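Enquirer: The listed protein sequences derive, respectively, from chains A, B and C. Per the numbering used here, residue 1 is the first one in the first sequence, and the count goes up by one each step. Per the numbering used here, residue 230 is the first one in the second sequence, and the count goes up by one each step. Per the numbering used here, residue 707 is the first one in the third sequence, and the count goes up by one each step.
These are calculated hints, taken from the structure and not from any lab test. Mixed in with the good hints there might be a few duds.
Here are the computed distance ranges between Cβ atoms for each label pair [said to hold, decoys possible]:
id, chain 1, residue 1, chain 2, residue 2, range
1, A, H19, C, E945, 34 to 40 Å
2, B, G404, A, G8, 37 to 43 Å
3, C, E945, B, E411, 35 to 41 Å
4, A, R228, B, A255, 48 to 54 Å
Here the structure is a predicted model, which means the values were calculated and not measured. Just so you know, even glycine gets a beta-carbon here, dropped at the ideal spot from N, CA and C.
Listed here are the chains, written in short residue letters.
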Amino acid sequence: MSETANGGARTQILNGIRHSLRRGALQGAARQAAEQRLATPPRGPAVARAQLPQPEKVALFCQWAEANNATVARVTAAEVPAEVAAYLTRNNLPATAVMAPAAQLDGYDWSGQKMLALRRGRAEGTDQVSITGAFAGIAETGTLVMASGPDHPVSLNLLPDTHIVVLREGDIVGGYEDVWERLRARYGKNGMPRTVNTITGPSRTGDIEQAMELGAHGPRRMHILVVRD
Amino acid sequence: MQSTAHDFKENVGTALSDPNLQDSLAKLKVGFSERRRQAAERLPEFEVLRDRARDIKNHALANLDFYLEEFERKVTALGGHVHWAPTAADARRIIGDLCKSAGARTVAKSKSMVAEEIALNEHLEQLGIAPIETDLGEYIIQLRHEPPSHIIAPAVHLTKDQVADTFHEHHAPLGFTRRLTERNDLVAEARYVLRQKFLEADVGLTGANFLVAETGSSMLVTNEGNADLSNTLPKMHIVLASIEKVIPTLEDAAVLLRVLARSATGQESSAYTTLNTGPKRSGDLDGPSQYHVVLLDNGRSAVLGTEMQDMLRCIRCGACMNHCPVYGAIGGHAYGWVYPGPIGAVLTPQLIGMEEAGDLPNASTFCGRCESVCPVRIPLPGLMRHWREREFERHLTPRPVRQGLALWSFLVRRPKLYRRVTQLANRLLAMFGRAEGRYHTLPLAGGWTRFRDFPAPPAGGTFHAQWARHGGARIRP
Amino acid sequence: MVTDVSASTSHHSAPPRRVALFVTCLVDLFRPAVGFAAVKLLEEAGCTVEVPPLQVCCGQPAYNSGDRVSARAIAAQVIAAFEGFEAVVVPSGSCGGMLAHHYPSLFDDDPAMKAKAENLAGRSHELMSFLVDVLGVDKVSASYRGIATYHDSCSGLRELGIKAQPRQLLESVEGLRISEMKTPEVCCGFGGTFCVKYPEISNAMVSEKTADIVSTGADTLLAGDLGCLMNMAGKLQREGSRIQVRHVAEVLADMGDIAPIGEPEGKR
Numbered sequence: 001m002s003e004t005a006n007g008g009a010r011t012q013i014l015n016g017i018r019h020s021l022r023r024g025a026l027q028g029a030a031r032q033a034a035e036q037r038l039a040t041p042p043r044g045p046a047v048a049r050a051q052l053p054q055p056e057k058v059a060l061f062c063q064w065a066e067a068n069n070a071t072v073a074r075v076t077a078a079e080v081p082a083e084v085a086a087y088l089t090r091n092n093l094p095a096t097a098v099m100a101p102a103a104q105l106d107g108y109d110w111s112g113q114k115m116l117a118l119r120r121g122r123a124e125g126t127d128q129v130s131i132t133g134a135f136a137g138i139a140e141t142g143t144l145v146m147a148s149g150p151d152h153p154v155s156l157n158l159l160p161d162t163h164i165v166v167l168r169e170g171d172i173v174g175g176y177e178d179v180w181e182r183l184r185a186r187y188g189k190n191g192m193p194r195t196v197n198t199i200t201g202p203s204r205t206g207d208i209e210q211a212m213e214l215g216a217h218g219p220r221r222m223h224i225l226v227v228r229d
Numbered sequence: 230m231q232s233t234a235h236d237f238k239e240n241v242g243t244a245l246s247d248p249n250l251q252d253s254l255a256k257l258k259v260g261f262s263e264r265r266r267q268a269a270e271r272l273p274e275f276e277v278l279r280d281r282a283r284d285i286k287n288h289a290l291a292n293l294d295f296y297l298e299e300f301e302r303k304v305t306a307l308g309g310h311v312h313w314a315p316t317a318a319d320a321r322r323i324i325g326d327l328c329k330s331a332g333a334r335t336v337a338k339s340k341s342m343v344a345e346e347i348a349l350n351e352h353l354e355q356l357g358i359a360p361i362e363t364d365l366g367e368y369i370i371q372l373r374h375e376p377p378s379h380i381i382a383p384a385v386h387l388t389k390d391q392v393a394d395t396f397h398e399h400h401a402p403l404g405f406t407r408r409l410t411e412r413n414d415l416v417a418e419a420r421y422v423l424r425q426k427f428l429e430a431d432v433g434l435t436g437a438n439f440l441v442a443e444t445g446s447s448m449l450v451t452n453e454g455n456a457d458l459s460n461t462l463p464k465m466h467i468v469l470a471s472i473e474k475v476i477p478t479l480e481d482a483a484v485l486l487r488v489l490a491r492s493a494t495g496q497e498s499s500a501y502t503t504l505n506t507g508p509k510r511s512g513d514l515d516g517p518s519q520y521h522v523v524l525l526d527n528g529r530s531a532v533l534g535t536e537m538q539d540m541l542r543c544i545r546c547g548a549c550m551n552h553c554p555v556y557g558a559i560g561g562h563a564y565g566w567v568y569p570g571p572i573g574a575v576l577t578p579q580l581i582g583m584e585e586a587g588d589l590p591n592a593s594t595f596c597g598r599c600e601s602v603c604p605v606r607i608p609l610p611g612l613m614r615h616w617r618e619r620e621f622e623r624h625l626t627p628r629p630v631r632q633g634l635a636l637w638s639f640l641v642r643r644p645k646l647y648r649r650v651t652q653l654a655n656r657l658l659a660m661f662g663r664a665e666g667r668y669h670t671l672p673l674a675g676g677w678t679r680f681r682d683f684p685a686p687p688a689g690g691t692f693h694a695q696w697a698r699h700g701g702a703r704i705r706p
Numbered sequence: 707m708v709t710d711v712s713a714s715t716s717h718h719s720a721p722p723r724r725v726a727l728f729v730t731c732l733v734d735l736f737r738p739a740v741g742f743a744a745v746k747l748l749e750e751a752g753c754t755v756e757v758p759p760l761q762v763c764c765g766q767p768a769y770n771s772g773d774r775v776s777a778r779a780i781a782a783q784v785i786a787a788f789e790g791f792e793a794v795v796v797p798s799g800s801c802g803g804m805l806a807h808h809y810p811s812l813f814d815d816d817p818a819m820k821a822k823a824e825n826l827a828g829r830s831h832e833l834m835s836f837l838v839d840v841l842g843v844d845k846v847s848a849s850y851r852g853i854a855t856y857h858d859s860c861s862g863l864r865e866l867g868i869k870a871q872p873r874q875l876l877e878s879v880e881g882l883r884i885s886e887m888k889t890p891e892v893c894c895g896f897g898g899t900f901c902v903k904y905p906e907i908s909n910a911m912v913s914e915k916t917a918d919i920v921s922t923g924a925d926t927l928l929a930g931d932l933g934c935l936m937n938m939a940g941k942l943q944r945e946g947s948r949i950q951v952r953h954v955a956e957v958l959a960d961m962g963d964i965a966p967i968g969e970p971e972g973k974r
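Using the sequences and the hints given, assemble the complete structure.
Expert: Written out as C-alpha cells, the structure reads:
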C-alpha cells in the first residue's frame, strides 16, 4: 500500500469527522483546551480508598492482592531469597527460576540458597517459575505495574506457571494516577516503555459457564513479596 | 460475518427452543447483574465516575480529529505505524498486506469485536493465513464455527458439556483423547494447545479498549493474558481499533477503567490492563519488532453530530446485555450479527442498515434497565426509539402496524368519537367475558391470547362513562 | 425521624389542592376501579379531584412506534386538556413518565409548545409518588387479608423512582403482608405493542416473571401499571394460578373486595 493511498484515507476520515462536527480542523479556544488537557491531564473524581497514609496503602494493597487470588508475604530485603526458596518448596515447585536481569533483584543476597538455580533473561515456553520486580503497586485494587525494558522482559510476566514478584513498599501508590505520574517522571512525557502491564492477580477466565478458573494463559500462581523499606 | 438479523423472528424461535442456551442464559441473568451490583456498591464514587466517564467520551468525540492526529503523532515518534481505514474492506486489505509482508502463516488473535465486524478471519483464510483465536471463549466458538453470542463472553451460550464435546472432537488428533468433564481440566488443555500456537505465530493481532492520545498507547483489558502473549511473542503486533476508541489522557483512562471492569464482570479490576506503545526498544529482550495500528471508521464518523452520536461512547462492557430481559430470553445469536443486546440494537442498523436489522431496535420493551447500568450513560432506549422513528419516516414499519396506528391515532385525536367507540367495545368485552371474567381467544389479539388470557372489563362501562353518569361525584363501582 | 415530621407537617398544613386525574386509556377501558380508587385516595389526602373530559391517551403507542407526528398531536391535546391544574396525577408509571419526561422532547423545534410541555411535566405526578412524596401521606386506612408481592413496573421505577412509596403505604394496610420476588425490578415483558409484535419473547419474559411471583407464596400480585398487570394476570390465569391480581391503588383505597383483574364479578 502506498503512502499516498494511506494519506487519502487519512484525509477522508478526518474530513468526515470535521464535516459531521460541522467545523474545520480544531482551532482557537477549543484547540487550546484540548492541548492543555494533554499537557496537564486533569484527574477524575478522587477515589477515597486510594487516598491513605503510606502504611495503610501497603495494607490495602496486600488485602486486595489476596482478594484477587495472589498470595502475599511481607519480608525484609534480607529475607527475599529465603522466602522465594521457601515458597517454591511449599508449593512443590522446582528450585529453578528465570529472573529479570534487574539491579534490584541482583542486589539481594542469593548466595545462601544453594539449591536455587537462577537464570537471568527473558522467559521461554518451558520456564516454570519467573522472578521479577515491579515498577509500582496500586493499593486501590492490589494491582502490580510492570514497565518493560532491558531489565524487565514482558515474557516473564506471562509465560511461566508461577510468577514471583518482589515489590518494595515504597513503590506502592494509591491509584492509577499516581502510577502515571511516576511513569512520566521516569520515562519523560514522550518516552513510554514498549509495554506497561498492570496485573491484578493470576491469569483467569470465566469463559466456561461464567465460573472463574485460574491460569488461562498467564500464570496460575502469583506470589508477591512486599519488601519493607 | 454474514448477517441473519433479517431472520430475527425465526432466530428467536430457535433460541427459545434450545435447552442448552436456556440453561446458559439462566446462569447469565443472575451472575453478571448480581456481581455488578456488588462491585458498584463497594465503590462509593461509582456514580460520579460514571458521570465523568460519559463526559470524557463526549469530550473525545467532540475533538475526535484532533486526538486521532495526536495519537498518530505519538505512535509514529516511537517507531510505530498508523493506518487509516475508512471501510471494513480497507481494514481487511491493510491487515492482509501487513501479514503477507511478515510472511505470516499463522496470526495469534486476541478477542476483537472490530475484527468480527470486518470479518477478518474469513479474509485471512482466503489469503492462506490461519487466524488463531486465543481468548478461551473465542477459541471455543472458532472450533465450533459459531459467531460470538456476547461481546465479553463470546461462548456464554454454551454449557460445560458442549465445550467438553468440542475439545474432545478437535483435540483428539493432537493426542488428547480423553473427554474431560472438569472446567479446570478444560482450561488447562486449551492453555496447552494454544501455548504451542502462540510460540509459532508470526503476527499478533489485538483490538484495543482505548487509544491514549497523550502517549500514543493502545490499552487492552483482559483476564486471561492472551492479548499480552499476542503482543509480546510474535515479531509483528497489529492493533485494530475503531476511531471512537481514542481518549485524551492516561488520567481519563483511569476513570474509564474504574467503571469498565465493574460494569462488565463485577471485578474490581480485570487481571491484565496493558499499555502498548510502539515496537520493542533497543535493549529489550522480547517484544515485536514491528507495531502497527489500524484505525477503522466504517461509518462511525457519519454518526457524529447526529441524534445517534451517544452510541459512540460505548466502551463495550456488555452490561446492557447482561441486564437486558430480551437478551436474557433469546441470547446473542438471535440478533443475527456481531453486536447483540441493547447496544447491538442501536449499532447494528447503523453498520449494516435498517432494512437488514429493523427488528432489533423494535424488539425492546423500553424497560430501561440497560440505560440504568450503562457506565457511560448511553440513553439506549432513546436511541432505539430514534431508529423506530427513522423506520417510520421511511415507511419501513410493517403495514399492519402502520394501519393499526393510523386508525388508533385517528380516534385518539377525536375524543368524542373515541368515547363512543370505546364505550361500545367496553360493553361488548364486558358482556361476552362476563361468565369467566376473561377471554382465552380474542379476534385481532392472537399475539396476546396465544400465550395468555385477556381480562374482560367489568360491567358498568368505561371510567369516563361512569364518571359522567354520576356527575363527577365520587362513587364506589 | 426528621423526614417524618416535615412530611406530616406539609400534609396537614397544605390547603386542599385542585388536582386533575389522568385516567389513562387502559384504566378507562379495562379497569375503571383504578380510577375510582385514585380519586378516593386523593380526596382522602385532602384534594379536590377533577377529570378533564377531553383526555384520552398519553400517546405512548405512537411515540414508541416511531410515529412522532401523531405523538406530538396527541401530546398537544393532553397539554391543552390539563392546562390550569395545580397537579396532574396519573395511576400509571409509564403514562406518568410520558408526561413528566418525554413530552418536552417532542417539541425541541417549537419553543412555545416546549415551554407548555415542560410546564405540564413539572405538574405531572404518578399517583404513589404524589401521595407520598408531594402530599406526605404515610399511611392509609384500609384492610386486606393476604400475602401480596409487588412488581416494580419499569417506567415507574426507572423514570420516576417509584419503589419505596407503594411499599410504605402497603405497610399500613391492616392484615396485609408483603413477600418480595427475587427480581421484582425485572420487566414483565408487556412493553405496550412489544407483547404482540414479539409474542414469543414476551411470553418467555412473562413466564419467568410468573414463576418468580408463584415462588413468593403470595396470594395477591400488586403493581402500579395496568398494562403490566393485565399481562401478568393473563399469564397467571393461563397457567391455572389462583393468585389474585390487582392495581396497588385498589388495595390502598380499601377496594380489595372487588373482583380481581380477569376474574368474573360477584364471585370470589
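Enquirer: Confirm or reject each hint.
Expert: Going down the list of hints, with the structure as the test:
For A:H19 and C:E945, the Cβ-Cβ distance of about 56 Å falls outside the hinted range of 34 to 40 Å, so the restraint is violated. Between B:G404 and A:G8, the C-beta spacing of about 51 Å breaks the proposed range 37 to 43 Å. For C:E945 and B:E411, the Cβ-Cβ distance of about 38 Å falls inside the hinted range of 35 to 41 Å, so the restraint holds. For the pair A:R228 and B:A255, the beta carbons lie near 49 Å from each other, so the given range of 48 to 54 Å is met.
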